[in-house]
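Number of protein chains: 2
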Amino acid sequence: MPVNYATPAPEALFPVAGVRLGTAEAGIRKLNRRDLTVIEFAPGSRAAGVFTQNRFCAAPVTVCREHLAGDSGIRALVINTGIANAATGEQGLQAARDTCAAAAELLDCAPREVLPFSTGVILEHLPVERLIAGLPAAQADLAADHWHAAAHAIMTTDTVAKAASRRVTSGNFQFTVTGISKGAGMIRPNMATMLGFVATDAGLSPALLQQLAKDAADVSFNCITVDGDTSTNDSFVVIATGASGCMVDSEASPHWPALRDAVIGVAQELAQAIVRDGEGATKFITVKVGAGATAAECRQVAYAIGHSPLVKTAFFASDPNLGRILAAIGYAGIADLDSAGVRVWLGNNDKNAGGEVLVSEHGGRAASYREEDGARIMQDAEITVRIDLGRGQAQATVWTCDFSYDYVKINADYRS
Amino acid sequence: MPVNYATPAPEALFPVAGVRLGTAEAGIRKLNRRDLTVIEFAPGSRAAGVFTQNRFCAAPVTVCREHLAGDSGIRALVINTGIANAATGEQGLQAARDTCAAAAELLDCAPREVLPFSTGVILEHLPVERLIAGLPAAQADLAADHWHAAAHAIMTTDTVAKAASRRVTSGNFQFTVTGISKGAGMIRPNMATMLGFVATDAGLSPALLQQLAKDAADVSFNCITVDGDTSTNDSFVVIATGASGCMVDSEASPHWPALRDAVIGVAQELAQAIVRDGEGATKFITVKVGAGATAAECRQVAYAIGHSPLVKTAFFASDPNLGRILAAIGYAGIADLDSAGVRVWLGNNDKNAGGEVLVSEHGGRAASYREEDGARIMQDAEITVRIDLGRGQAQATVWTCDFSYDYVKINADYRS
Chain A
1 MPVNYATPAP EALFPVAGVR LGTAEAGIRK LNRRDLTVIE FAPGSRAAGV FTQNRFCAAP
61 VTVCREHLAG DSGIRALVIN TGIANAATGE QGLQAARDTC AAAAELLDCA PREVLPFSTG
121 VILEHLPVER LIAGLPAAQA DLAADHWHAA AHAIMTTDTV AKAASRRVTS GNFQFTVTGI
181 SKGAGMIRPN MATMLGFVAT DAGLSPALLQ QLAKDAADVS FNCITVDGDT STNDSFVVIA
241 TGASGCMVDS EASPHWPALR DAVIGVAQEL AQAIVRDGEG ATKFITVKVG AGATAAECRQ
301 VAYAIGHSPL VKTAFFASDP NLGRILAAIG YAGIADLDSA GVRVWLGNND KNAGGEVLVS
361 EHGGRAASYR EEDGARIMQD AEITVRIDLG RGQAQATVWT CDFSYDYVKI NADYRS
Chain B
1 MPVNYATPAP EALFPVAGVR LGTAEAGIRK LNRRDLTVIE FAPGSRAAGV FTQNRFCAAP
61 VTVCREHLAG DSGIRALVIN TGIANAATGE QGLQAARDTC AAAAELLDCA PREVLPFSTG
121 VILEHLPVER LIAGLPAAQA DLAADHWHAA AHAIMTTDTV AKAASRRVTS GNFQFTVTGI
181 SKGAGMIRPN MATMLGFVAT DAGLSPALLQ QLAKDAADVS FNCITVDGDT STNDSFVVIA
241 TGASGCMVDS EASPHWPALR DAVIGVAQEL AQAIVRDGEG ATKFITVKVG AGATAAECRQ
301 VAYAIGHSPL VKTAFFASDP NLGRILAAIG YAGIADLDSA GVRVWLGNND KNAGGEVLVS
361 EHGGRAASYR EEDGARIMQD AEITVRIDLG RGQAQATVWT CDFSYDYVKI NADYRS
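Read top to bottom, the protein sequences are chains A and B. Just so we're aligned: 49 in the working numbering is position 49 of the first sequence, and the numbers increase by one with no gaps anywhere. Just so we're aligned: 370 in the working numbering is position 370 of the second sequence, and the numbers increase by one with no gaps anywhere.
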């Protein structure tokens, strides 16, 4: 069960002008499940993406990078679950290219206008002939209101489909931003998440679109962790069709702030949904680190806490074993950190119950801290750990979840 | 149950001339358990240590560093379990100093000749008056053959006591090296482990003793990980009494190689015992990374594998989900790693059953690899992952364990 998250209803996912989605059963790894998704874009659409830094990056990631480098338009995404097509060598690359070629022939575009994405088991070969055989059914299913179905079709160990949508009026224009994501484990994105796709019918210049994709990833998918494992397939792509007629070609455009906010907002909802649905998660934890010398060191501290199995199991147990948080701050790698200057607060969303309590200062337990206050806050499903490093002005936020029996169960069983 | 490890019998732990050990019940955190240990050394003994790099280091670690910096001799260690005396500010420092003063008065030495060690819960104050009240009973218990009892008295979440001992004849001399360690969780030492103490009746010059402590830590306690959490209290101390009459004052000494090997051997046994008894461990995993450009990058890769919850849960499940190992290699942080040059083998100790199989090369699954071979090896309780990075001559080894339901259970319950 995800923590305070439910898939939006189909009608809450606004169609994006110029975008149609179709799903099909291709039998990639298991039968009787929709494991193939095609997202088609009107001519003139552009895309920009950020991808995993994993050196064993999947074949489709390599092909995506090649196709996006060409600066031609993008007409379709083809997404399969079941097999990640990662650590599959030359054969894997050929499979990803064959996928693009087959989709391009069906959709009457060039192969370089198709981006391939895969998610699932690593080190196994993609049954590309079955994928290609499934494409006509996905094409036949293409419709503007199939966002909900597509969000379901890209799931693997996810327990809920993840989607978000906003319709924005800016001046005389209206534009829409709708996106979907998937991921629950192997989540510690570095330049993106497992899979995230956000489309808008606004139009953007190539440079601005690339900047928007990066800016949105940096404050959304690059701020989450479930288990610290950076996937081989992490991909986040923003597609702009321009079909709404609302063009944004520079940061001076009057529509830029609203468009930027909407894309970032949708990306953050999608990224947080992945943590809320983190494998075995029972709690959603926000780690805010402030007063650091650099944003990088704030992220280091936030991730040290977000990755610590000891901190995560204490959250699972609702045990205010806060020494584990201090230990993680201490080993995060800030060589000259003065522990006496660090302050730590624990909070929840229940303002009536006291909101936030100071846990630690002067290198130890805060004089005002009472164990029962910590214990009360730890009962909540939404907890914020706020840290003041006492060294500067920088800050960073990371979202994570707890570590439960079910995490072990899910990952010990995943391939069976 | 630890993986292929049992505490040596009391008679297998050789007394070290000049060393006596005593334990007592001080009621530090719980009643009716021996939670206080004193180890006394003959006049003229020297000590050297390596300690945690955690910036929230415990008060006793700070005091140990001060006392060892003085270059006076060391006459005693005082070790308590239950409370770590970490993140306890000035009050914690005073408690550690009071402990040394009280022990010094009893043992008729200077406070700076006493080293204090604590392990247990962080962020809670040490009941120093109870500790001091327990010292006379520990003193009354001092005996040369109490290594076994001391190994038991320093345990926390350990399921077995950890000890190792060697008696070495070098030329006309005989010397003894005996040590104990504790630790099962919050194990990712950085310059030492939770607690490890090794004593020898050989004599060493201060510089050589310090070098030996560092060299031994680097190939033992600094090569293990259970959960990636570097403790606030990690301490590894080597004590040389000189009481055997065997003096080693330079690397040119004929006894140096045998003494160095014995201390390193004991330290490795003690460090591996911690992993074998890792919280919830069912498998002992050796990760050997070779052909790297630097030892540091080999360690990065080995630790990425050793820390990955996905890899560790796959080992728990005996599932040869080897793509997770490749993913961990890929995100370990070697920016210019060529995945096509990486080779990965999986092996166990059963030479008759085929020993080691090549799993991956050329960026994907090895042509010769059969899933049933991987599945067979994964059944073993002792598994070796060997990686060739194809970039140079450096190598590094890390020992770790798997990640089971019991890890979560132990750490979700620890304070209750």
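To be clear, the hints were calculated from the coordinates, so they are not data collected in a lab. You may find that some hints are simply not true.
Copies of one chain are not kept apart here, so a pair can be met inside one copy or by any two copies together.
As the list claims (entries may be wrong) - EDC-like mimics (lysine to aspartate or glutamate), calculated; alpha carbons at most 20 Å apart, straight line:
| hint | residue 1 | residue 2 |
| --- | --- | --- |
| 1 | LYS214 | GLU25 |
| 2 | LYS30 | ASP319 |
| 3 | LYS214 | GLU251 |
| 4 | LYS409 | GLU251 |
Keep in mind that this is a model prediction, so the values were computed, not measured.
Unmet hints by their number, sorted upward, for this structure: As far as the earlier hints go, 1 and 4 are violated by this structure, in ascending order.
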